[in-house]
Amino acid sequence: MKKISIYLISLLLILFVFELLNGFWFRSPLEKNLLNFNALYSVDIKINPNDYYPSSNDISYSRNTYGLRVNCQDPKNINLVSIGGSTTDQRYIDFENTFSYILQEEITKNTGADFCVANAGVDGHNLLNHINSFESWFPLIPSFNPNYYLLNVGINDAAILNVIPEDNVNNGNNFLAFVKFKIIRNSYLYSFFKKVRNLIGISLDRYGVLTHKKNIRNDFKYTALNNSPNLERDIIKNSETFGRNFKKIINIIRSKGGKPICILQDALFVKGNKGIYNAFPYQNDYLNGFDLQFSLNLINNQIKEICSDANGIIVSIDKNHFIENDFYDFVHHNPQGSRKLAKLIFNSIKKSILENLGP
19 MKKISIYLIS LLLILFVFEL LNGFWFRSPL EKNLLNFNAL YSVDIKINPN
69 DYYPSSNDIS YSRNTYGLRV NCQDPKNINL VSIGGSTTDQ RYIDFENTFS
119 YILQEEITKN TGADFCVANA GVDGHNLLNH INSFESWFPL IPSFNPNYYL
169 LNVGINDAAI LNVIPEDNVN NGNNFLAFVK FKIIRNSYLY SFFKKVRNLI
219 GISLDRYGVL THKKNIRNDF KYTALNNSPN LERDIIKNSE TFGRNFKKII
269 NIIRSKGGKP ICILQDALFV KGNKGIYNAF PYQNDYLNGF DLQFSLNLIN
319 NQIKEICSDA NGIIVSIDKN HFIENDFYDF VHHNPQGSRK LAKLIFNSIK
369 KSILENLGP
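Mapping to the working numbering: the sequence shown position 69 is 87, numbers consecutive.
Don't read these hints as lab results, they were simulated from the structure.
From the three backbone atoms N, C-alpha and C, an ideal C-beta is built for every residue, glycine too.
A portion of the hints provided could be inaccurate.
Derived CB-CB ranges, DEER-like [said to hold, decoys possible]:
1. Q301 to N128: 45 to 51 Å
2. L158 to N343: 37 to 43 Å
3. L31 to L375: 55 to 61 Å
With the hints as extra help, turn the sequences into a complete structure.
In structure tokens:
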């Protein structure tokens, strides 16, 4: 019994020292927030994109110390920041082929100015995560004050997530809640096991058609013939909630003196007169392709109305603008689609940009 006690005490001491050396207890507030947002920073890695689309070369994926995918060095020089989930992050697209970089080069070429576009997309983030970014990420980047905020959002919110965030702990004067909050924010082991659990959980059963997976189109078929009437009420309610939150993010942008640019997103949820069958899990049922498209249409309507009322710029996508070969799955653009998106954005905003910067 004595030996067991000694072993346990030794183990606890080892874990304690390990946490002090590797945990986030003494990291900067920016690092802590980025880690809790699951946003990468200070990385420069090579990724083989052939699991998703044919490529003869590995792609370079890097993010700076502030968590931004950008090639201008000083945050004060950032003119536009693109915000969204994985369709903005474009982790499997080389930096020079991301729509953010192509947009930057297009603006620079047409204005003669050194225009800088920063990519703040984070895989899996929805609108509530983006609001948190405005509150707990962007204010910690020194001299960060873009003129334009490009919102490429909607798809991750179209898939209704009935999940309560883990770190939504009790903020009252409760010591145990305080300790739990500190562990969630600072513990390396907690962060490690959370990432392992997330990696294990990246499956079709959890994320459906939004999953990053090799040959995912082989796992889903266009066999749904109509929407699900029993889910319509929840879809409408979800879009109304999105609208209220979208107003918040627009108000934040306006309070900073910025101009919102709002993309009405598109996806391959429906092809012809058929939708994807069992496209995304929801409660004890599934949203099919028609449900997701209906949800995305309602969300796009909210974006269009709210952004227009705030004198923002709308980037509308015609039904036939993108073809199936512009995507490597159901929602993410390949380099060809990325270039088409960048051109579309530029054509939508060039009047405003040229008025401010001149030829």
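To see whether the hints hold, each was checked on the structure:
One distance hint, 45 to 51 Å for the beta-carbon pair Q301 and N128, holds here, with the actual separation near 48 Å. The given range of 37 to 43 Å is respected by L158 and N343, whose C-beta atoms sit roughly 40 Å from each other. At about 60 Å, the beta-carbon gap between L31 and L375 stays in the expected band of 55 to 61 Å.
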